[in-house]
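A.B. asks: Turn these sequences into a full structure, and let the hints guide you.
Number of protein chains: 2
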Amino acid sequence: MTPAPGPDARRRIAVEPASGRFEALRAGAVAAGAEIVAVEEASALVWADPKRAGELAGVLERNPAIGWVSLPFAGIENYAHALDTDRIWTAAKGVYARPVAEHALMLALAGLRGMSTFTRATSWSAPEGHNLVDGRITILGAGGITTELIGLLAGFGCEITVVRRRPDPVEGAHRVVAFDDRAEACADADAVVVALALTPETRHCVGAAELEAMADHGWVVNVGRGGHIDHDALLAALDAGSIGGAALDVTDPEPLPEGHRLWTHPRVMITPHIANTPEMGVPLHAAHVERNVAAWIAGGSLEGVVDPVLGY
Amino acid sequence: MTPAPGPDARRRIAVEPASGRFEALRAGAVAAGAEIVAVEEASALVWADPKRAGELAGVLERNPAIGWVSLPFAGIENYAHALDTDRIWTAAKGVYARPVAEHALMLALAGLRGMSTFTRATSWSAPEGHNLVDGRITILGAGGITTELIGLLAGFGCEITVVRRRPDPVEGAHRVVAFDDRAEACADADAVVVALALTPETRHCVGAAELEAMADHGWVVNVGRGGHIDHDALLAALDAGSIGGAALDVTDPEPLPEGHRLWTHPRVMITPHIANTPEMGVPLHAAHVERNVAAWIAGGSLEGVVDPVLGY
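Going line by line, the protein sequences match chains A and C. Numbering follows the working numbering, with no gaps: position 177 of the first sequence is 177. Numbering follows the working numbering, with no gaps: position 115 of the second sequence is 115.
Just so you know, the hints here were simulated from the structure itself, not pulled from any lab data. Everything numeric in this text was worked out from a predicted model, so none of it was measured. All the given hints hold, so there is nothing to weed out.
Treat identical chains as interchangeable: a pair holds within one or across any two.
Derived SDA-like pairs: lysine to any residue, alpha-carbon spacing no greater than 25 Å straight-line: (1) Lys-51 with Glu-61; (2) Lys-51 with Trp-124; (3) Lys-51 with Ala-121; (4) Lys-51 with Thr-122.
C.D. replies: The following block contains the structure:
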């Protein structure tokens, strides 16, 4: 670890590179007492452009005095190559969880309620639809999105199963199941929601076995990363009618290419990675940066600290 | 009023006419202790076919001894011509409220979250979407659907306004507004949900003034009856961009004719009156009939009693 900088140095924060959210983040840092400086003079770096992850490693190599790096997203797989143990890394873990949880719940409800059919219809069609209320939902992951989703489900009377690495209790969940037993955890689920970090271990964690276990009318919802779902297994399950459908806010690759079968499948709904839109997310991100800059200056503990070994 | 029949006579119940839900209702009545008889021998009539409302008045004219009529739906405007004060009338008020409330919430979320765009897209599109969480929702009506919807919103942190005939308090609502002040109650609403009975007074209760008052991104959701919304005013508001869109489970007329502008409007989503599908609703209806038959036989009070003057 780089030696901890003194109080004056800690006040000197870089916010880079310029981006659409730059001004909001800068304002957040300043509100917390920061003096905004060039990265060469800074004790910490608030990385401001989610799309320019590839440049970060070079910036850090040239500026070893950076003691803390603030990353803009909750999922940091694009930054995995740059992670090191020489400094503190934070991610926006849980920061966007409430809008993302709302989107996940919307997708589950819309799928179960036949919206993939009805929104594309131009005439009165036959009844279809299944309830989520008083039904069964399985959530993969036990992070901020899951916490918020369980909160949104407060009035739904659902039986909630959470799948996590180690089956420690989760408030509001009726059952917690270890990651290796996730297929069993999906049994008869009306909805399966993917809301975890993408790591080598979680890649394709929803495959043939998990999809087969779900209720035949059940919908799988992905607000994690596209790589969590084995798309070949998904298309096979859709064609076999062994699930109700799939509602995907994330795909693999992303953007999903035009002409891909998922675009026009009658039982698939795609949203373009907008569970958390910039309009919803930038104010939440700026508030997170403001809290963390204040803590950094005060020598307190930061929120969203990343474990460089686990990768989240 | 017809004189109250004796205990033996009260046991004799007719379930007519034959329909898709006939067997389930018959089983519910029998489970409550009924002897199923022809309508000529019955003290009460469970009307079993929602589509054959027109025949009921004639049946009752020929069978004046019927002391109680059980109607299959919550909204009974199709039975208005037959209502009288010679006997007790019950409707399935609140019986289907939970699935309908779920559908209303789904439509509000899906509308605000851009699903009218995304579900019809065949390529990656620009971000759009607004939150309902921590937003403002206005519900027209204070019946069973509203009660259930407020329950489903428990974790959403919304500011909830309820509009009702008289502004008596509603549990869980932050504000209750009288029906005549409904336009003011829609001010800046992210979602306006129509969930009341259709009467001459409530016809077109959502018109230009109510739509204009909403937030520009706000969605109007109708799970009441098509006649509650002035469709000309709705199309004008959609064209002017003064609302975000409309999600309609009920239309006027119904079914909505092919080629109607609402089918293809980019900011409209139609579902074919399936907030409560037969699959969801028949078990709820049969359980309601079972409870009421048991109460009728025991001389107790029935649920869902209709006021023939108010018409609901």
